[in-house]
Amino acid sequence: MTKYITLVLLSSLAILSTNAHAQDQAGAEKTNPQPLAQIEEPKPLSANDLIKLESLGLYSKQSEGGYGKDLWAGSARSDITALLQAAPSASKIPLVNNMILSTLLTKAKASAIENDVLPAPGEDLLTLRIEKLLEAGAYTQAYELFIQREEQPYHERLARTGILAFLYNGEKSNACLEIKTYDFIQNDDFWKHIIAYCNISLSETPDDADLSILAESGYKVLSTLATDKDFLFPYSPDAFSALSTIEQALIAAEERLDVSGTTDLTPQDIPNAHIQLLLHQGSLPPELHFTLTANAVALGLIPAKTFEKLYAAIAKAQNDKNPDSKTPAPTEDFEKLPYYLEKIKKAEKKEQWALLQKIMPFTKKYGPAIFRPYAPLIANISAQEPSLFEITQIYTALIHNGAPIPDYWIDIAEKYDGDKKDSAEHIALRAAAHFAKSNSSVFKDFPLTSTDISPFVDTPLGQNLIIFMKSVDKAEDSAKTNSAYEKDFYLTTPSGYVMPTVVVWDRLTKLNNSKVIGETILLSTLSLHGQSMHQLYPGLLRDIVLSTQNVNLTTLSKNLAIVAILESTN
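In our numbering, the protein residues as written are 148 to 717.
For the record, the hints were derived by calculation from the structure and aren't laboratory data. Take these hints with a grain of salt, some might be off.
Label pairs and their calculated CB-CB ranges [unchecked claim]: (1) T410 to A550: 31 to 39 Å; (2) D467 to P414: 26 to 34 Å; (3) S258 to S529: 50 to 58 Å; (4) K456 to E363: 40 to 48 Å; (5) K492 to P414: 21 to 29 Å.
The calculated lysine-lysine pairs, modelled on DSS-like cross-linking and capped at a C-alpha distance of 30 Å, are [as the list claims (entries may be wrong)]: (6) K463 to K505; (7) K327 to K199; (8) K254 to K327; (9) K511 to K239; (10) K617 to K591; (11) K584 to K452; (12) K468 to K456; (13) K584 to K492; (14) K512 to K490; (15) K497 to K452; (16) K199 to K662; (17) K512 to K568; (18) K216 to K254; (19) K505 to K493; (20) K496 to K584; (21) K199 to K254; (22) K511 to K468; (23) K239 to K496; (24) K497 to K468; (25) K497 to K512; (26) K456 to K511; (27) K376 to K327; (28) K468 to K493; (29) K239 to K208; (30) K463 to K452; (31) K493 to K512; (32) K584 to K562; (33) K239 to K497; (34) K584 to K208; (35) K497 to K568; (36) K497 to K562; (37) K216 to K662.
C-beta: ideal position from N, C-alpha, C; glycine also.
Working from the sequences, and respecting the hints, build out all of it.
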């Protein structure tokens, strides 16, 4: 059965995996490789060395952003390998993107893996995770993970991913030095071009043979980049995406992106994989730089403290322009956010809410991440007659920023008695408040009744709420069902829903009692890939929330439920 599941997952979901290694191999066919001195590859790793290598990670605990040392416990190697290769590398949903990155960066016991198959050389979990991090645009994390190893790479594929991690992270000189330490190189275009580029760019008198290699490479940008020190590549999302991986990596390493044409771009135009690279450029338009930083923090691509430092720098610049204590509010919207943060910190408690209200309209423009520096203040702020919109904004901001919803805001939602009471927005907020309680279960003591939900029964909100009302009975049956679509006969299926892959969904429900954390998370990200939370089929939402709760990821399961419920009113 395991081999069957692995084969079906790979064949059904291969389209989701944009493997950079395969792209480079395709690009290598453009020219005939020139021979390189080739040294025999090192022997395969011993079992103990493999365990040591695969156990590397950046996060040990959930509090650090990981999923714990037992991430792979109880899972078969064939299943983990298939899922890591098929899993999406990135998502525009911050919560889902953080699930992906946390899985890839967790320091977990590789000794807990059930080795139903021998690991193929070059397909160890460290290599697969770094490759996926590179696809995700998490270049700093890929670099930090790669340099944790103590020995030189045992296989060419691991070495290749490591060099790309160096380059994408702006470490060209170190990448070139790293290559010199290797005892082996492969006779293919990747290494040939990288070595020639290093030789040319680090030498005052480049060798004609190296120049010839790049000139004949078929990569026009590569040769120009190496020989013209003033060359800048004009950035656009499509043009940069069309480049080969090696060209992208070297442009990033040399910081040769011309971002002057980004003025009219919105964050939605820019793939996740480009965000870190663009932020390393010093000449982005200020508002785009601010918005991309907010997005990068929300997606887990850069630390939250980076955004807080940006807020402080913007506020300081405003104060330097107007040293008078009565500094007027700035005219640019993004500059108002740090301005009001400083004002709230200094204001009396009764004035803080009025100041916080002024920034709420900006969440539609810049996203919920703008609230991250405000999160410590929100827990203690005293709100005067907040609207449903304002309460919902607070919930959305805190959840997307990884902060718990304080009891104060749970109480406000549950006792709300203002305008639009019993509306869809109010019903959604009541459900979210229940999920947010620290001692609550998503699947027990649900506070809403059929009467509350009946006006919305044919809407995405109503359908999502129904599955939580009926979840106790359905959860017992979910692992016994052969057909994923038969178990939710009481749900309608509006045309707006994106239906999941049956193989993935059935596999997820079969894991409900097995406590395999890594597989559960990877299958959940596969199910959530490529759609908004409000488009998620309600029966699948229930099973994702149930599965994550069953592996003791209680906060994650609640947050997924809250985001889906709040978004289903859109």
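Checklist entry - Between K492 and P414, does the beta-carbon spacing fit 21 to 29 Å? => result holds, 27 Å
Checklist entry - Are the Cα atoms of K496 and K584 separated by 30 Å or less? => result Given that 30 Å is the threshold and the Cα spacing comes to 25 Å, the pair holds.
Next on the checklist: Next pair to validate is K468 with K456; report whether the Cα-Cα distance is within 30 Å.
Outcome noted: holds, 18 Å
Item to check | K456 versus E363 beta-carbon gap, inside 40 to 48 Å or not | outcome: Given range 40 to 48 Å: holds, Cβ gap about 45 Å.
Checklist entry - Does 50 to 58 Å hold as the CB distance between S258 and S529, or does it fail? => result holds, 52 Å
Item to check | Restraint status (C-alpha distance of K376 to K327 at most 30 Å) | outcome: Satisfied, since the Cα-Cα distance of roughly 24 Å is no more than 30 Å.
Checklist entry - If you draw a straight line from the CA of K463 to the CA of K505, is it 30 Å or shorter? => result With a Cα-Cα distance of about 20 Å, the restraint between K463 and K505 holds, given a limit of 30 Å.
Next on the checklist: Tell me if the straight-line CA distance from K199 to K254 falls inside 30 Å.
Outcome noted: holds, 11 Å
Checklist entry - CA of K617 to CA of K591, is that 30 Å or under? => result holds, 10 Å
Next on the checklist: Would the hint linking K584 and K208 be met if the CA-CA limit is 30 Å?
Outcome noted: holds, 22 Å
Next on the checklist: Between the alpha carbons of K327 and K199, is the straight-line distance 30 Å or under?
Outcome noted: holds, 24 Å
Checklist entry - Going straight from one Cα to the other, do K511 and K239 come out at no more than 30 Å? => result Since the Cα atoms of K511 and K239 sit roughly 15 Å apart, the hinted pair holds (cutoff 30 Å).
Of the numbered hints stated above, those contradicted by the structure are hints 23 and 33, listed in ascending order.
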